[in-house]
Structures are given as C-alpha cells and as structure tokens.
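**Student:** All chains, full assembly: derive it from the sequences and hints.
Protein sequence lines correspond, in order, to chains A and B.
Just so we're aligned: the first sequence equals residues 1 to 147 in our numbering.
Just so we're aligned: the second sequence equals residues 1 to 307 in our numbering.
No lab work stands behind these hints, which were simulated from the structure alone.
Cβ coordinates follow ideal geometry from the N, Cα and C atoms, glycine included.
Don't take every hint at face value.
[What the hints assert, rightly or not] With a straight-line Cα cutoff of 25 angstroms, these simulated DSS-like cross-link-like pairs (lysine-lysine) come out:
#1 B:207 / B:296
#2 A:55 / A:36
#3 B:217 / B:296
#4 B:133 / A:82
#5 A:36 / B:217
[Said to hold, decoys possible] Each pair of labels, with its calculated beta carbon distance range:
#6 A:70 / B:99: 31 to 37 angstroms
#7 A:123 / B:146: 40 to 46 angstroms
#8 B:215 / A:128: 21 to 27 angstroms
#9 B:174 / A:41: 49 to 55 angstroms
#10 B:212 / A:16: 32 to 38 angstroms
Spelled out from the first residue to the last, the chains are:
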Amino acid sequence: MVNDHSPSQKKTNADELATQVGNRLQYRRGQLRLNKSAIALRLGVPLLVYEAFEKGEHSPSAIQLARLAELLEVPVLYFFEKLPLAEAKRADDCGCPTEESIVYTVATAQDRLAAIAAVFQRLPFREQQCLLSIADALARGVKAGKQ
Amino acid sequence: MFVVHCRCACSWRQGRQAMTIKKVIDDNGNIWSADSRELRSIFHLADVDGDIGCALVRNVGFIAVARRGTSASIQFNPRTVAPTALAALGYWLAQGGPDRICLSVLDTVHRQSHEMHPTPQGALRRMQGLIDKDRQRRGELPFRQQHAELRDLPSASVLSAVFECWRATAGVFCDDAYKGPLHQFGGKGRYLLVHARHDAGRFEIIKAGEGLLIPDKISRARLVGSTLEDIPDYAYGRWVTHDYRQVLEEQWPRFDHVRAAILWPGTGRVVRRYSRLLLPCQSQSGERLVLGVSDKLASSNFELEAA
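**Tutor:** So, in structure tokens, the structure goes:
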C-alpha cells in the first residue's frame, strides 16, 4: 500500500475535519435547541469534552460520533458534509447570538415582550425569580444612569 | 504486510476484475487488516481458508477499504452497514483525501455494483443516498406517499388554481401572477419556493407561505434561506428533496398524497396528511426553481391505507 500523505498533511486534514464536525454539531444542536450539558450527559462525557468537540479542538471517536448522530437524529455522514456558508453563519448565531442578530430578530417592543414572555414561561420557578431580579436590577441601573 | 484478494462469486462469474481488499472497518470503528488472525478468531473463523472480508461487509455491517496512490476503494452493504463503521470511514478518508473513489455496493443476495466518484464527499453522499433508499424500501422511514395523476387534481382547490396559473405563465414564476392562486379559497399560502443551487444539488428555500403547518415558530422563522435538507427533521428534508430533485430533472409536474410524521423541536413528531403538487418553474431571470404547494388530503383511499 502506498502512503503518499505526510504526517503534517494528515494533521491538517484532521484539524479541518474536527472543525467541520464541530460546526455541524453546534449547528444541529442549535437547530433542535438542545443544551450542551444534556448532550454531554447522554453521550457520557464531561461537558468540557463535549465543548471541545464543538470547538473543533478534539474529534469525537467513531463510536461517540455514531452516538451523537443518534442523539441529534441525523445520519452519521451528516457530520462529514461541508456546512454551506449560510448555515455556517447561522451555526454561530445558534451558539451565541450577536447583538445585531438579536436586534434584527426581535425588532419591535411588542415582539420583545412576546419573546421574553415565551422564554419566561419555559423557565422553572427558581429561574423565573432570578430573571425577575436581573430585570429589576437592570431597570434600576438604567434609571440611575439617566439621573 | 499481507494482502488478501477478495473475489465475490458474482464478479468472478461475470469475469470482472476482482477488488483488492486490504483493510476492514468493524462496527466499533476499529480498522483491521483484512486477513488479521485476531479478527478471524473473533468470528471463530481461524480455521476457515480464503477471504472473510466480503462476508463481513455483506452480513455484519463492516466496510472494506483500500488505497492505491491517490485512489481509494470502498466496499459496503447499504442494508447492514454499521453507523460506527461509517464514522470511522469518514475519518479514514480525511486522513488522505483521495482524488478518486471506487464505490462497490454489495447486497445480501450476492450482487455487486461499482461506481466511480471524483471526490470523497460525492462518494459519502451517494452512500447515504443508498442507505436512505434501502430504509425507504423497507418502510423504516415514517413518511409515505402515493403518486397520483395530474388529472386527479381536485377541482376548485388551491392545487388546481396554481396548476392553471403555472400553465398560463409557462412556468415563469412571478409574485403578482401566483399570489392570487396561492391564496385562493381563504388559504394563507401553504407553499415553498426553492432555488436549485449548484453545490451538491441542494435546494435553497427562497419563499415560504404563511399557511405552512409548522408548529415551531423558530423553525418557521429560519425556513427562508436554509436548504430543504436542513430543516429540523433531517430525514424528512432529504426525503422531500428527492422529489423536488426529480421534478427539476424531469421538468414535469408531480402530484402526490403524503402521510408524514415530522419532527419539530419542542413538539416531537407531528403527523401530517396532505396532497402536494410540485411544479418546475423558473424565475424571470432564468434561475431554476421548484414550487411545492400543499393542501388538505385529497384522497380518502390513501388516508385509510395509511391509518
């Protein structure tokens, strides 16, 4: 068998693939709106390890990737397809929305009220109380700034 | 290094050139030399002469691979292939990035076909297509459809109104001409307009009617700009894409009755029964489009059959 690929080229390809798999993981998880902790738990790895997969710092093993495909309801070869540009951009949005994207998607006061109400209803009681405290503190901060 | 020559019975009989199998990827993602003694002993085949690679590929879900220079060969069975073996194959291909792939498809009844693919990406896409096709044939996907004739389009319906508009405009889509028919009979417009992109035969959604029955608001908001395959239910997206592609290639309308259990985030699978008309169109600037319009199910026979 001829091996015409240098170790450095292999490493580059492996790095590229790790990034690609990470982007796909992040995009798909965002699409299904699952959190990292839940996926890590079901995969049986610490959260930090799963985060390293998404960042492309490490590649999941073949067994882990097959399990991830099952958890995210996609065929395993999904992770080897290059993410189209628009979706790649959106993958970033899924992970951490920028201020610009927030402003764009929730443009009017009415939309913002509806969005916060929808999020609020999904939270457990304790987190609802925390959010109220944060909102109150923010509002007081803004008021103090104006004075 | 040992080299094992595998000759499948069918290709041997047909006088085709036999494929050299050098490695097999098992259902745990491990890569073995095809004649590994340890592998044989695992399957209690230590005393069996000859190659066991084909049998492992055909029946146990392994994948056989070989690389020669910038070419690689892959042998697999779409019915039995293990997801972990596919994952390991993806990593194996990434190590070298071969320029050409010979894909050999085995089935469980001793048939084998060979295809050449210019890129690993193309070969992997084809493999997934074959796996999907096999699952569809065995009824494993939660989607079913019944093809219907265009003459059976229900009269006085959105579908027939859009079809008449399509004929009148010779398939050239413009908002003004189609707006009326798409919103007739009190409908809010249950349609998708997709644009055939050049990369990997994907379809980008460029318009989505307000009347589409999507229970998840966020998925609904993200629809325009995404590809048909990349809706949250990936399997459904791929299944639908196949029909859109057929309409685009044949440039002929298609009418179906569909029953699909579609996965949406937050709601789980939602069963939808609908009749769907797909029309090949083009924009005024000549871009290739497909318009998909849905309406309530127009066949009670299909409803009974699918229930």
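**Student:** Now tell me, hint by hint, if it's right for this structure.
**Tutor:** Structure-based check of all given hints:
1. B:207 / B:296: holds, 20 angstroms
2. A:55 / A:36: holds, 12 angstroms
3. B:217 / B:296: holds, 21 angstroms
4. B:133 / A:82: holds, 22 angstroms
5. A:36 / B:217: Holds, at about 22 angstroms.
6. A:70 / B:99: 31 to 37 angstroms: Once the Cβ atoms are compared, 32 angstroms apart, the range 31 to 37 angstroms for residue 99 of chain B and residue 70 of chain A holds.
7. A:123 / B:146: 40 to 46 angstroms: holds, 44 angstroms
8. B:215 / A:128: 21 to 27 angstroms: Since the Cβ atoms of residue 215 of chain B and residue 128 of chain A sit about 24 angstroms apart, the hinted range of 21 to 27 angstroms holds.
9. B:174 / A:41: 49 to 55 angstroms: holds, 51 angstroms
10. B:212 / A:16: 32 to 38 angstroms: holds, 37 angstroms
Taken one by one, the earlier hints all hold for this structure without exception.
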